[in-house]
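Protein chains in written order, with my numbering: chain A, 1 to 145; chain B, 1 to 145; chain C, 1 to 145; chain D, 1 to 145.
Hints are computed from structural coordinates only; laboratory data are not their basis. Careful: at least some of the hints might be erroneous.
You can't tell identical chains apart in this list, so a pair holds if it fits in one copy or across any two.
Below, simulated SDA-like cross-link-like pairs (lysine to any residue); rule was C-alpha separation at most 25 Å, straight line [unchecked claim]: (1) K107 with R14; (2) K52 with G79; (3) K52 with P35; (4) K107 with A24; (5) K107 with D47; (6) K107 with D6; (7) K107 with G139; (8) K107 with E118; (9) K107 with V41.
4 protein chains.
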Amino acid sequence: MNAPIDPQFAARIRDSFARQQAMALIGASIGLVAPGVVEIVLPFRDDLTQQKGYVHGGIVGMIADSAAGYAAYSLMPAGGTLVTAEYKINLLAAATCGLVARGEVVKAGRTLTIARAEVYADDRTHIATMQQTLMMLPGRSDQRE
Amino acid sequence: MNAPIDPQFAARIRDSFARQQAMALIGASIGLVAPGVVEIVLPFRDDLTQQKGYVHGGIVGMIADSAAGYAAYSLMPAGGTLVTAEYKINLLAAATCGLVARGEVVKAGRTLTIARAEVYADDRTHIATMQQTLMMLPGRSDQRE
Amino acid sequence: MNAPIDPQFAARIRDSFARQQAMALIGASIGLVAPGVVEIVLPFRDDLTQQKGYVHGGIVGMIADSAAGYAAYSLMPAGGTLVTAEYKINLLAAATCGLVARGEVVKAGRTLTIARAEVYADDRTHIATMQQTLMMLPGRSDQRE
Amino acid sequence: MNAPIDPQFAARIRDSFARQQAMALIGASIGLVAPGVVEIVLPFRDDLTQQKGYVHGGIVGMIADSAAGYAAYSLMPAGGTLVTAEYKINLLAAATCGLVARGEVVKAGRTLTIARAEVYADDRTHIATMQQTLMMLPGRSDQRE
Numbered sequence: 001m002n003a004p005i006d007p008q009f010a011a012r013i014r015d016s017f018a019r020q021q022a023m024a025l026i027g028a029s030i031g032l033v034a035p036g037v038v039e040i041v042l043p044f045r046d047d048l049t050q051q052k053g054y055v056h057g058g059i060v061g062m063i064a065d066s067a068a069g070y071a072a073y074s075l076m077p078a079g080g081t082l083v084t085a086e087y088k089i090n091l092l093a094a095a096t097c098g099l100v101a102r103g104e105v106v107k108a109g110r111t112l113t114i115a116r117a118e119v120y121a122d123d124r125t126h127i128a129t130m131q132q133t134l135m136m137l138p139g140r141s142d143q144r145e
Numbered sequence: 001m002n003a004p005i006d007p008q009f010a011a012r013i014r015d016s017f018a019r020q021q022a023m024a025l026i027g028a029s030i031g032l033v034a035p036g037v038v039e040i041v042l043p044f045r046d047d048l049t050q051q052k053g054y055v056h057g058g059i060v061g062m063i064a065d066s067a068a069g070y071a072a073y074s075l076m077p078a079g080g081t082l083v084t085a086e087y088k089i090n091l092l093a094a095a096t097c098g099l100v101a102r103g104e105v106v107k108a109g110r111t112l113t114i115a116r117a118e119v120y121a122d123d124r125t126h127i128a129t130m131q132q133t134l135m136m137l138p139g140r141s142d143q144r145e
Numbered sequence: 001m002n003a004p005i006d007p008q009f010a011a012r013i014r015d016s017f018a019r020q021q022a023m024a025l026i027g028a029s030i031g032l033v034a035p036g037v038v039e040i041v042l043p044f045r046d047d048l049t050q051q052k053g054y055v056h057g058g059i060v061g062m063i064a065d066s067a068a069g070y071a072a073y074s075l076m077p078a079g080g081t082l083v084t085a086e087y088k089i090n091l092l093a094a095a096t097c098g099l100v101a102r103g104e105v106v107k108a109g110r111t112l113t114i115a116r117a118e119v120y121a122d123d124r125t126h127i128a129t130m131q132q133t134l135m136m137l138p139g140r141s142d143q144r145e
Numbered sequence: 001m002n003a004p005i006d007p008q009f010a011a012r013i014r015d016s017f018a019r020q021q022a023m024a025l026i027g028a029s030i031g032l033v034a035p036g037v038v039e040i041v042l043p044f045r046d047d048l049t050q051q052k053g054y055v056h057g058g059i060v061g062m063i064a065d066s067a068a069g070y071a072a073y074s075l076m077p078a079g080g081t082l083v084t085a086e087y088k089i090n091l092l093a094a095a096t097c098g099l100v101a102r103g104e105v106v107k108a109g110r111t112l113t114i115a116r117a118e119v120y121a122d123d124r125t126h127i128a129t130m131q132q133t134l135m136m137l138p139g140r141s142d143q144r145e
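So here's chain A without its partners, still in its complex pose:
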């Protein structure tokens, strides 16, 4: 069921991610790319923090949103794109070190795909858990129009 339709899905995801300037801004890079599973790695930096020196909850949300979104994208046919309709994130612990967000598809659909992401710190602390709804746009370009 989760077999990728497009054999070039990994190259397609890495190419799309490279065009996300916001990911470069925060220093995030893409890690594991597998059918229905994508990881995003974020080294700790002081300029990612909130007032108490922890990684900003919104930054945690950014990498969770992208990881789960690309997990959904991995199962799409080539020549399409998708948008995040909504996400909900619980912040479980304060983060003062590097993070990995692991996105996984819960249910891939033609119109909507449901995905999740778990964010862990380098010391294995569970930082956040996220649930997300994505809208598939099969005939639309993933590039700037």
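Place chains B, C and D on chain A using the hints.
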């Protein structure tokens, strides 16, 4: 009911916001500060975008999270802090211009406060709507420990 | 923008609601029906409560889900249906009396509609606030197939 | 970490569940009870359905809310109670048969516990996935006051 307990709430919020390095990174600044209502302003920049040139959904989430969190903070007594327990955001439209996130308290509680944020583009497009739960930490410092 | 496409929208909603056996089970009835706004009324009954005698949070979710869903349905053309993709509800206070859930459309779309609901007790206590995503199914019957 | 503090947790949960009149109304019963994991079983009935004959999404939310809530309750010390602060549920498929909701604790905390629930149909279709925040009330009675 929403009268601020601390008459210095506006100064306290501006001081806390100034210590959020993640807000400086994305170029966000604080706008309106009133009891139970805080706005955050984000000018458009190319390095805030995702692969299609729209402001990244996670960046939209960041300013919504901060605006609603400071709205909650405005109603707290001095000498405390809070953390975001969770937020849920619906992305309503793609953003290709500057944004304002307006956070408002729905219900202020001793342990939990519920807040909302609406994000609008400069052209008045409704970009996002967010619902958030914050945990109040009355005796804890808002500074790096 | 929120003008109903179908002039018979109110009759269509009341007819659909009457086919919701789960609403009859809990004793809910439909109140206000206007373009983009629908209210559902739930008198208090002991058999709607959880272990402490408050209305069960899931029952509060049921009427919020239906109120917001019918608010979305009010703006659809005739001959279609919709399904709830997801909802998120914050329970703000315990309810020990009758409730009214007021659903309102935030953004009506061709594929997805975003709606909200506020639930109030008879004594005006704010009981819950909900945010919801609905998937529009324009060519599909609202009846049992 | 998930070892129950109260050796009588299973009896305590079954006793609390038996006082939930709303669960009796819909015909739900409690199944598996283990530390941090609780299942709720719901046979199909026509009076649980919405206008198309599927189990009402709010009913699905009810059993998911209760299953995850009791999963959290299983890890609490005796003599306390808890309330659902919020939950977010994605409805993945229409249900026309019996359901099982399996709640599991993601992170147990002193003030907040985060839990999840998965709802499956008798034919193993994945019906819904839920994420929930509960507020622990250690010194408060779980009974009607």
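Checked hints:
1. K107 with R14: within (22 Å within a copy, 33 Å between copies)
2. K52 with G79: For K52 and G79, only the inter-copy Cα distance (14 Å) is at most 25 Å; the intra-copy one is 43 Å.
3. K52 with P35: Cα proximity of K52 and P35: across copies only (23 Å, versus 38 Å in one copy).
4. K107 with A24: neither (29 Å within a copy, 31 Å between copies)
5. K107 with D47: neither (35 Å within a copy, 28 Å between copies)
6. K107 with D6: Classified as within: same-chain Cα gap 18 Å, cross-chain 33 Å, threshold 25 Å.
7. K107 with G139: both (20 Å within a copy, 23 Å between copies)
8. K107 with E118: both (16 Å within a copy, 12 Å between copies)
9. K107 with V41: Classified as both; 24 Å inside a copy, 23 Å across copies.
Hint compliance for this structure: hints 4, 5 are not met, and every other hint is.
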